[in-house]
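One letter stands for each residue in the lines below.
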Amino acid sequence: MSVTPALDARREFESLLEPVATVAYRVAYNFTRNAEDAMDLVQDSTVAAFRSFDTFQKGSNFRAWFLRILTNRFYKSRKRGRVETTPIDEAEDVFLYRQAARAGLLGNDDDPARLVLDRFDVEAVEAALDRLPDEFRDAAVMYFLNDFSYDQIADVLGVPVGTVRSRLHRGRKILQRALWDVAKQRGLVHGDGPEGAGA
Amino acid sequence: MGTARRAPVPKDMSCAEVFARVQEYLDRELNPDEVEAVKAHLDYCPPCARGFVFEESVFETVRLKLAASACPEDLMARLRECLEACDES
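Just so you know, the protein sequences line up as chains C and V, in that order. Residues in the first sequence are numbered consecutively from 1, following this note's numbering. Residues in the second sequence are numbered consecutively from 200, following this note's numbering.
Since the hints were made in silico from the structure, they are not lab data. It cannot be assumed that every hint is accurate.
To be verified - The following residues of chain V were derived to be distant from chain C, with all beta-carbon distances above 10 angstroms: (1) Met212; (2) Asn230; (3) Glu233; (4) Glu235; (5) Leu241; (6) Asp242; (7) Val252; (8) Phe253.
What the hints assert, rightly or not - Partial chain V-side listing against chain C, Cβ under 7 angstroms, derived: (9) Ser213; (10) Phe218; (11) Arg227; (12) Leu274; (13) Ala276; (14) Leu278; (15) Cys281.
Quick caveat, the model's predicted, so the values are computed rather than measured. Idealized CB from N, CA, C, for every residue including glycine.
Using the sequences and the hints, build the whole thing.
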């Protein structure tokens with residue numbers, strides 16, 4: 001059986017792509033907010049990555065390399081679905097902890113956060129993420145899904161690391177308020193502390 | 200505002216100052232002096248220590264939930280088709 005070098009390269013590429021394809025789609029979906037656009041972005045990135053596969057350093061992190069290509073292609077195309085969002089205020093530090101305590105949700109459990117967050121399904125978390133303004137949301141997607149470091153996010157976004165730090169800091173605070181709002185709207189939590197959740 | 204330098208590290212941090220650093224602490228993005236100051240506070244302040252554990256768990260849970268969102272079952276098959284077409288062109 002003879003295998004051409006081209007087929008060999010494709011098989012090698014596929015074997016590296018397979019374990020990261022799912023996370024790549026999820027990142028694409030969270031960027032584009034649309035299943036069809038997400039699939040287009042992953043396919044386009046796959047072709048682009050394969051065509052530059054000879055620049056990939058064997059033994060290095062394929063996942064990071066591929067997600068970087070995908071993220072850069074998204075930023076070039078800027079194909080983003082619009083989501084109607086209501087402006088949302090930044091919350092105080094450790095907002096969910098304070099709100100959960102005020103609502104009497106902490107109890108004596110070893111992992112009270114999981115007790116609170118277990119009330120959320122994936123859609124509720126995505127709905128909360130959707131409420132972040134784009135600049136905070138993109139940094140959050142790269143942080144939570146890409147698993148990028150602050151430096152890597154700064155590199156892809158073309159902004160200083162300090163800006164990434166600030167966006168992640170503020171984004172995660174807004175996300176906590178959004179999570180609490182979504183939980184209240186969906187009846188997942190009851191009770192409200194003196195801070196309230198409304199802006 | 201995004202590029203502003205962080206304030207110097209107070210020797211004895213208040214709870215508010217510690218909470219303001221919780222995310223960077225968990226991300227290992229603080230400098231060694233800040234890490235020591237936060238640790239010193241957490242050692243004698245159980246409410247803040249509980250808040251840090253809670254915060255860490257919140258974002259780990261968010262990460263896990265997002266990583267479990269829907270994905271097309273035929274994703275890899277469709278990507279293989281793209282690669283085949285790419286090979287043939």
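Here's how the hints hold up against the structure:
1. Met212: holds, 13 angstroms
2. Asn230: holds, 12 angstroms
3. Glu233: Check passes; 13 angstroms lies beyond 10 angstroms.
4. Glu235: holds, 20 angstroms
5. Leu241: Answer for Leu241 of chain V: holds, closest chain C Cβ roughly 13 angstroms.
6. Asp242: Label holds. Min Cβ-Cβ 18 angstroms, cutoff 10 angstroms.
7. Val252: violated, 8 angstroms
8. Phe253: The claim breaks: Phe253 of chain V does not keep its Cβ more than 10 angstroms from every Cβ of chain C (closest is about 4 angstroms).
9. Ser213: violated, 12 angstroms
10. Phe218: holds, 4 angstroms
11. Arg227: Violated, about 10 angstroms.
12. Leu274: Check passed: Cβ of Leu274 of chain V comes within 5 angstroms of chain C, closer than 7 angstroms.
13. Ala276: violated, 10 angstroms
14. Leu278: holds, 5 angstroms
15. Cys281: holds, 5 angstroms
Consistency with the previously given hints fails for numbers 7, 8, 9, 11 and 13, ordered from lowest to highest.
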